[in-house]
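Take these sequences, add in the hints, and give me the full structure.
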Amino acid sequence: MADYLVIVESPAKAKTIERYLGKKYKVKASMGHVRDLPKSQMAVDVKDNYNPRYITIRGKGPVLKELKSAAKKAKKVFLAADPDREGEAIAWHLAHSLNIDENSECRVVFNEITKDAIKESFKHPRSINMDLVDAQQARRILDRLVGYNISPLLWKKVKKGLSAGRVQSVALKMIIDREREIEKFQPEEYWSIDGLFEKDAANFEGAFYGVDGKKTKLPSKDDVDKILTKLKDKTFIIDKVKKKERKRNPSAPFITSSLQQEAARKLNFRARKTMMVAQQLYEGIDLGKKEGGITGLITYMRTDSTRLSDTAKKDASKYITDKYGEEFLGEQKQKKNAEGAQDAHEAIRPTSAFRDPSGLKSVLSRDQYRLYKLIWDRFIASLMAPAIMDTMTVHLLQNGVEFRASGSKVKFKGFMKVYIESNDDNKKEKDKLLPDLEEGMEVKASEINPNQHFTQPPPRYTEARLVRTMEEQGIGRPSTYAPTLDTIQRRGYVSLDNKRFVPTELGGIVMDLIIEFFPEIIDVDFTVKMEGDLDSVEEGKTNWVKIIDEFYQDFEKRLEKAEQEMEKVEIRDEPAGITCEECGHEMVYKMGRYGKFLACSNFPDCRNTKPILKEIGVTCPKCKTGNVVERKSKKKRTFYGCDNYPECDFLSWDKPISRPCPKCESLLVEKKSKKGTQIQCSSCDYKEEVQE
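Everything in the sequence shown is counted per the numbering used here, starting at 12 for the first residue and increasing by one.
Hints were generated in silico from the structure; no laboratory data involved.
Every value quoted in this text rests on a predicted model; they were computed, and no experiment measured them.
Be careful, since some hints might not be right.
Said to hold, decoys possible - Label pairs and their computed distance ranges (CB to CB): (1) D660 to T688: 24 to 32 Å; (2) F196 to K301: 58 to 66 Å; (3) K86 to E483: 26 to 34 Å; (4) D56 to F196: 44 to 52 Å; (5) K625 to K76: 49 to 57 Å.
Said to hold, decoys possible - Subject to a maximum C-alpha distance of 30 Å in a straight line, what follows is the list of computed DSS-like cross-link-like pairs (lysine-lysine): (6) K171 to K601; (7) K241 to K253; (8) K329 to K384.
Every residue, glycine too, gets a C-beta built ideally from N, C-alpha and C.
Structure follows, in C-alpha cells:
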C-alpha cells in the first residue's frame, strides 16, 4: 500500500497527478463534493447563527467508503482540490468526513498540473483556509435562503417548478430590461453622403464631415439637399493632410470572463462548453510517452487576474525571440488587473510557451485544439511588441463643405503576427491606402452619393455580451457566469434566438413579482455590494454570519409581506380562434418552458401542438395576400416564410423589412454578419449600413 493518499475531484486529474508523484503516493478522486445541503429542505437554522446542516450527497456513499478505507491505511492524507473557494470547501468537507484535523498541514494547492508545479506544491502543504471556506459557505447559505424562500412562493402563486436566485435574477432583469428597451425603441432617420475622389488615376473614398469646420448631422433629405446645393462643381481642394504613427498594444492574457467572451465570438462556444473544454486542458491530456504522457496544458481557468509568473514570461520571451526575432518582443510590464480582481491565481495561459498548438493537433480533439490555440495565441501575443500603424487623414473642401478621407497602413505587425482580438477581426482591418496627397492640391469627385439610414434598437444580449456586462458591473465571479446563464435557460425564463437571449413570458411574470416584493434581489448596487462583502469574508476581514444576518433581517420582513399580499397569477389557456385540424376542437395558447405554443383543448385525447407564428409586419412579396411570418427549422434556425404556405412557397433566411427599396421598389432584407447588420435589396445592389 502507498504511504500517502492524495484526494482530488476528478479521475482525469488523479491520473495525471499520480504519474508525477511516484509509487509512494496513491491518488483518488472524490468526484466533486461529498457533502452538501439536502435538496429536500432549507437545512439552514436561521435561529442558530444560520448554522447549515450538511448530509452526504446521495450516491456518494460508496465513494466516501472507499476514501475512508484508503485514508485508514495511509500515513498521511493530502487534500488537493482546485485552488479556489469551491475547492477549499470540498477539502473541508472531506476533512470532516475522513476525520482529518483541518488545522493540520493536509491541504495542497497548485495553479497548473505540471511535474514541477505538483512536486513544489507538496513541499509546502498548509492547513485548510477557513476564510475561503466561510466565503463559499456564506454564498451557499445566502443563495439557499433566497432560493428556498422565494421559489415555493412562486410555485404557490404562479406555477410549480419555478425558482429565483440571487445572481440569476439580476441577469434575467438585464435581459428583460433590454427587451423592453427594444420594444419602446422608435427608429430615427439619418443620412450620410459618401464621395469617391480621383487623383492621378487613383481613387479613394471620403465621407461628408461638416460645414465651415463644424461637424454637421444630416437628419433628413432636406438637410442633404442643402449641402448638395452648396457644391458648385466636382473640384475639391486638399485643405489639410495629417500623417502620424500610431501604436496599438496587445490585449492582456485571458481571465475567465474574457476567455468565455472570445471563445463565443471566435469559436462559437457557449460559456458552459468553454469551461468544460478548459477543465479538460487543465486536468491533463495524454501527449504520448515521448512528450511525457498525461500533461496539464493550461493553468487554472477560474481567475480574474491577468498576472503572469516570471518563469512564464521568461519562456515566452525566448520563444518569441527565437521564432520572430528580438524586435517582436514587447516590454515585460505587468498588465493592470481590473478593479476588484482577487489576484489569487495567474491569468489563463499555457503551462509551456514551447508547446506550440500545431504540434498537439494529433492528440487533441477539435474543440480542445481550437480552445488551446486561442489561449496559447493570446498569451504569446500579450508579451509581444505593439503593432505600429501609419495613418493619414485628409480634409477636402469646397465652398465650406468638408469631406474627410482616412487611410492606414501596418508599418510593423508586432503582436498582430500571432493574434488579433475578435472585435478587431470583426472590422476585417486591412491596409486602406490613400494616394500621395498634399495640402493645396485639387482632386475631382467622380461620385457624390447620399444614403438614407435608420437607427436600430440596442442589440439583444449574446452570452459573450452578457458576461462582459456582468463583469463590468461587478455581478458574480469567474465561477458563476456559466452556471448563471445555464440556470435561466433551464428554468424557461429566456430562450436563445439567433444566439441572442429573448425573455419568455414566464420570465417576465417572475421578474415583475420579484421587482414588486424583493427589489433588493435584482438591484445591481446591492448585488455588487454583496459580492464585495463575500470577498471581505475570504480576506478574513468580515464575519460571514454578520453579512447573512444583515441581509436576512430585512429579507424576512419582505417575505412575510409577499406571503400576504402577492396575488395568485393564473396562467389560463387562451382561445386561439382556430380549430384543431386533427380532431376539430378549439386550439388554445399554452405556456411552456420556452414560452407560448398552440395546443389542442382536447388534450390528452388529442396531443396536436403547433408553434405560434410570429408576424413581422411585412406583406408577402410573392403572393401579395399573405403575411411574412417567423418560423423555425428543425435545427432551430430562424427563417421567414408566407403564412399561406403551402399555397405560397416564399422563403427567406434574411429578415424582410416593411419599407421597399428606394432604388427599385423591391424587398429589403436585414443581413447579419460579424461586422454587424446591413440592409440590402433582394433584387438590386442597394445597401445601407445600420447604426447600432
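Right, here's what the structure says about each hint:
Checked against the hint of 24 to 32 Å, the pair D660 and T688 passes, with Cβ atoms roughly 27 Å apart. Look at F196 against K301: about 60 Å separates their beta carbons, and that is inside 58 to 66 Å. Taking the beta carbon of each, K86 and E483 are about 50 Å apart, not inside 26 to 34 Å as hinted. Take D56 and F196: their Cβ atoms lie about 49 Å apart, and the range 44 to 52 Å holds.
A beta carbon spacing of about 55 Å between K625 and K76 agrees with the range 49 to 57 Å that was offered as a hint. Distance check on the hinted pair: K171 and K601 sit about 15 Å apart at the alpha-carbon level, within 30 Å; holds. Using a Cα cut-off of 30 Å, the hinted pair K241 and K253 holds, with the two alpha carbons roughly 25 Å apart. As the CA atoms of K329 and K384 are separated by approximately 19 Å, the hinted pair is consistent with the 30 Å bound.
In summary, the one numbered hint that this structure violates is 3.
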